[in-house]
Amino acid sequence: MELDVVDLSRLQFALTALYHFLFVPLTLGLSVLIAIMETVYVMTRRPIWRQMTKFWGTLFGINFVLGVATGITMEFQFGMNWSYYSHYVGDVFGAPLAIEGLMAFFLEATFVGLFFFGWDKLTPRVHLLVTWLVAFGSNFSALWILIANGWMQNPVGAEFNPMTMRMEMTSFYEVLFNEVAQAKFVHTVSAGYVCASVFVLGVSCWYLLKGRHEQLARRSITVACSFGLAASLSVVVLGDESGYNASHSQKMKMAAIEAMWETEPAPASFTLFGLPDQADRETHYAVHIPYVMGLIGTRSLTTEIPGIKQLVGEAQTRIHSGIVAYDNLMTIREMRDEAPAEALISFKDHGPDLGFAFLLKRYVDDPREASEEQILQAAWDTAPTVFPIFWTFRIMVALGFLFIGVMALFFFLNSFGKGRYPRWALRLAVVIIPTPWIAAECGWIVAEYGRQPWTVDGVLPTALSVSHLSVTDLLITLAGFVAFYTVLFVIEIALMLKYIRLGPHQDVEETEEWIRRRKALLQGPGAAPGPDAVQPAE
Amino acid sequence: MILHDFIDFATLRVIWWALLGVLLIGFALTDGFDMGTGALLPFVARTDVERRVVINTVGPVWEGNQVWFILGGGAIFAAWPPLYAVSFSGFYLAMFAVLAALILRPVGFKYRSKREGERWRRNWDRALFVGGAVPATVFGVAVGNVLQGAPFHLTPDLMSIYDGSALGKFFALLDPFSLLCGVVSMSMLLMHGAAWLGLKTEGAIAARARRYGSLAGLVAAGGYALAGLWLLVGIDGYRFVEAPSPDGPSNPLLSDVVREGTWLVAYLERPWIAVAPLMGFVGIAMAVRGLRAGRDLSTMGWSKMAILGIVSSVGLTMFPFILPSTVDPNSSLTVWDASSSHLTLFVMLGATVIFLPLILVYTAWVYRVLWGKVTEADVTEKGESLY
Numbered sequence: 038m039e040l041d042v043v044d045l046s047r048l049q050f051a052l053t054a055l056y057h058f059l060f061v062p063l064t065l066g067l068s069v070l071i072a073i074m075e076t077v078y079v080m081t082r083r084p085i086w087r088q089m090t091k092f093w094g095t096l097f098g099i100n101f102v103l104g105v106a107t108g109i110t111m112e113f114q115f116g117m118n119w120s121y122y123s124h125y126v127g128d129v130f131g132a133p134l135a136i137e138g139l140m141a142f143f144l145e146a147t148f149v150g151l152f153f154f155g156w157d158k159l160t161p162r163v164h165l166l167v168t169w170l171v172a173f174g175s176n177f178s179a180l181w182i183l184i185a186n187g188w189m190q191n192p193v194g195a196e197f198n199p200m201t202m203r204m205e206m207t208s209f210y211e212v213l214f215n216e217v218a219q220a221k222f223v224h225t226v227s228a229g230y231v232c233a234s235v236f237v238l239g240v241s242c243w244y245l246l247k248g249r250h251e252q253l254a255r256r257s258i259t260v261a262c263s264f265g266l267a268a269s270l271s272v273v274v275l276g277d278e279s280g281y282n283a284s285h286s287q288k289m290k291m292a293a294i295e296a297m298w299e300t301e302p303a304p305a306s307f308t309l310f311g312l313p314d315q316a317d318r319e320t321h322y323a324v325h326i327p328y329v330m331g332l333i334g335t336r337s338l339t340t341e342i343p344g345i346k347q348l349v350g351e352a353q354t355r356i357h358s359g360i361v362a363y364d365n366l367m368t369i370r371e372m373r374d375e376a377p378a379e380a381l382i383s384f385k386d387h388g389p390d391l392g393f394a395f396l397l398k399r400y401v402d403d404p405r406e407a408s409e410e411q412i413l414q415a416a417w418d419t420a421p422t423v424f425p426i427f428w429t430f431r432i433m434v435a436l437g438f439l440f441i442g443v444m445a446l447f448f449f450l451n452s453f454g455k456g457r458y459p460r461w462a463l464r465l466a467v468v469i470i471p472t473p474w475i476a477a478e479c480g481w482i483v484a485e486y487g488r489q490p491w492t493v494d495g496v497l498p499t500a501l502s503v504s505h506l507s508v509t510d511l512l513i514t515l516a517g518f519v520a521f522y523t524v525l526f527v528i529e530i531a532l533m534l535k536y537i538r539l540g541p542h543q544d545v546e547e548t549e550e551w552i553r554r555r556k557a558l559l560q561g562p563g564a565a566p567g568p569d570a571v572q573p574a575e
Numbered sequence: 002m003i004l005h006d007f008i009d010f011a012t013l014r015v016i017w018w019a020l021l022g023v024l025l026i027g028f029a030l031t032d033g034f035d036m037g038t039g040a041l042l043p044f045v046a047r048t049d050v051e052r053r054v055v056i057n058t059v060g061p062v063w064e065g066n067q068v069w070f071i072l073g074g075g076a077i078f079a080a081w082p083p084l085y086a087v088s089f090s091g092f093y094l095a096m097f098a099v100l101a102a103l104i105l106r107p108v109g110f111k112y113r114s115k116r117e118g119e120r121w122r123r124n125w126d127r128a129l130f131v132g133g134a135v136p137a138t139v140f141g142v143a144v145g146n147v148l149q150g151a152p153f154h155l156t157p158d159l160m161s162i163y164d165g166s167a168l169g170k171f172f173a174l175l176d177p178f179s180l181l182c183g184v185v186s187m188s189m190l191l192m193h194g195a196a197w198l199g200l201k202t203e204g205a206i207a208a209r210a211r212r213y214g215s216l217a218g219l220v221a222a223g224g225y226a227l228a229g230l231w232l233l234v235g236i237d238g239y240r241f242v243e244a245p246s247p248d249g250p251s252n253p254l255l256s257d258v259v260r261e262g263t264w265l266v267a268y269l270e271r272p273w274i275a276v277a278p279l280m281g282f283v284g285i286a287m288a289v290r291g292l293r294a295g296r297d298l299s300t301m302g303w304s305k306m307a308i309l310g311i312v313s314s315v316g317l318t319m320f321p322f323i324l325p326s327t328v329d330p331n332s333s334l335t336v337w338d339a340s341s342s343h344l345t346l347f348v349m350l351g352a353t354v355i356f357l358p359l360i361l362v363y364t365a366w367v368y369r370v371l372w373g374k375v376t377e378a379d380v381t382e383k384g385e386s387l388y
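If you read the protein sequences in the order shown, they are chains W and P.
When we follow the working numbering, the leftmost residue of the first sequence carries the number 38, and every step to the right adds one.
When we follow the working numbering, the leftmost residue of the second sequence carries the number 2, and every step to the right adds one.
Worth flagging that the hints you see were computed from the coordinates, not collected in a lab.
Among the hints, a few may not be true.
Taking lysine-lysine pairs in the BS3-like style, the calculated list, with each CA pair at most 25 Å apart, reads [unchecked claim]:
id	chain 1	residue 1	chain 2	residue 2
1	P	115	W	535
2	P	374	W	535
3	W	158	P	374
4	P	374	P	305
5	W	247	W	556
6	W	398	W	385
7	W	398	W	288
8	W	556	W	346
9	W	455	W	346
10	W	398	W	346
11	P	383	W	158
12	W	455	W	247
13	P	383	P	115
14	P	374	P	115
15	P	115	W	158
Kindly generate the complete structure, drawing on both the sequences and the hints.
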């Protein structure tokens, strides 16, 4: 298969985005978990909680720096590889990215240095404030990025301007409160919290299995499983669903997730298993559960969910309408101020379908000259490849339920089991450490691969969004990224493992002294006043 | 929204042109000393402890400093989308080089002292050197290319087409004038890094930094003067034959531009802008004097003034041009035809007015908390919590 600039640009973006997203979820969640731990420290002044904050903070730092570094790539890449996209939607898409820098990233990055270097320079309360600011910063950051991304899925609050050949913002309010963006934000941040919870839980359970750092591990498990239970319920229950039906490509994405080629009478069934076949346009060996999909997707028993073939038919109509818009656009552009009123009025009606005419640019230079066959072909292009979307979605959801199960189990053992964890449960927690990353990456694939063939749904096709580069350009940078990122990944994992094996290594004497005194106090004759009566060590 | 009519489009464009300058200067002032320090690392520090002292002077602040750069990129994207689209894709491989260097640097700071082992640390020291020296030079080279114009044109659909093959485009950026600009930016930031090290370190490290810094300052002043002369005699400027309406649509193709005369004609039309180069020269002279005399705080101030003058002189000289085109002057991007829409500029200005002062306040607070010199004793005693 010959890869062209579009394929290579997509490949490069996917690789760098998936790589960036290996570090982001842990940053999102761990920053909050650390802030919670430090809050407990400041409230109780027990040194063990400060030691926990510093220990998880060290791991946070190793992870954080790669999130920051690989994030620069993301911001550069729109301009480097997607220059027509940048021109065409920068007026809308650029704003949330820039505000992210102003409001969130600056906060996070300025205070993260103080988090590590400020222990001796700040009072505990001020240091706690710094830690929370880092957590808020990283979470706000996710909000703005997802407002930008949500606009790609559901481009509201913007209009095409024929004079500047681009989308321009008409309502910042609509861009901000885009329902898809809001749903995505909750879903993504929750996924980050789950990721960090599973990480903290797994590492702590490994310590218990090895019989090391028991005090730190037990307290960390308590924090991780309570936070993780809430987060995993949120990630699955609130999920991504509220935004599904907002726009055409979201409907198409839904149909692809379900491998639903035909429109089913409501309420649609959920396909538990199947092998979607793009060429035959059907799903082999499908196992259906009646009603479930209709209920999840529409929350009603009577609303139909359109199938892929019906949506392709709709796309075909919109391509025809888009061709009219394209013709009007050419007239308006040529005549400028003297453009006839009919053209302007007609463009007002058909303008929203202009993007559909651009789908034809793959086949003809001038969409007006497209044959009926090419139009049908372009309409079928609006259906993404079903197989990967169908399966990544199922993997993601299955893992989501796994997280709820594991977190609930540990929450139960922690609350009612007197802190005795069976060894199989500890082992399970260790084994599942990588799974939240798999779920997160699958989620990215569902959302972004499922958006194809558009970069901005219904507005700009991916094939048109790229820069005017050569295959050589792309091969050089792609090879560079792969080599560079692989080396960094190996180093990161090695350092993580080194510091996990090393365990807590700061404030050791003070903490151990406190643990000794506390044990003595608990075992002391008659006294046994319960753990909360223990005096803070400082 | 009616609100945005309170500030007219042309004014907003000029404000955003100035804000772009503010962000780039903010980047050069803060991240500039990080880069200078990184590039000086192999020269001013001889032992591992000395190197850790140098690294820890920027250890707590580089993350925040780097955001100026990221914000600069974001602001170009949001306020000047055509500039973002044309320059980032046009300077493709150069951008990739900067990117690689900027990824290497944070990782170097964070990971270097996380393991013992001479080879490990030596390799990260090299990475820090590259991460400082490469961007510091490339930014100057980029300015050199912007002053000469880039070989791009816009199609009627406003798609940017940049002439040349992959490597051809890259090496074409490295012409003598642009390289000279690279030398100026590099030596300017070396001087700035040296002023920072003079402020934050003591003893042998500070003494070496001051020696290299004053040398770099002299190179910067000479290079800057030479570049000015070169602009006068060797490089054509651009001007409008027919200026576009300052509040017209952002479509560069609607203007009529020729390449003739010199950029420096701006100093006849707007004589007050001579303040900028003057600040550049005076700043360098005073910074070099300060470095020689061992004054630390005022030297840092003079060095900042030098950077402010030099960076803003480029923008003021070219105004209203932002990125001219050599092959199709009509495609040139200017303040009047390469911005975002009226509403977007207004919304972004709102966000900036709220958040930029906040950023300045908390950044200043962080620097105050970290005030004071980093010593060898700090590094050896508090080993674990430092880099």
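- What hints, given by number in increasing order, does this structure fail? Hint check: 2, 8 and 9 fail, others pass.
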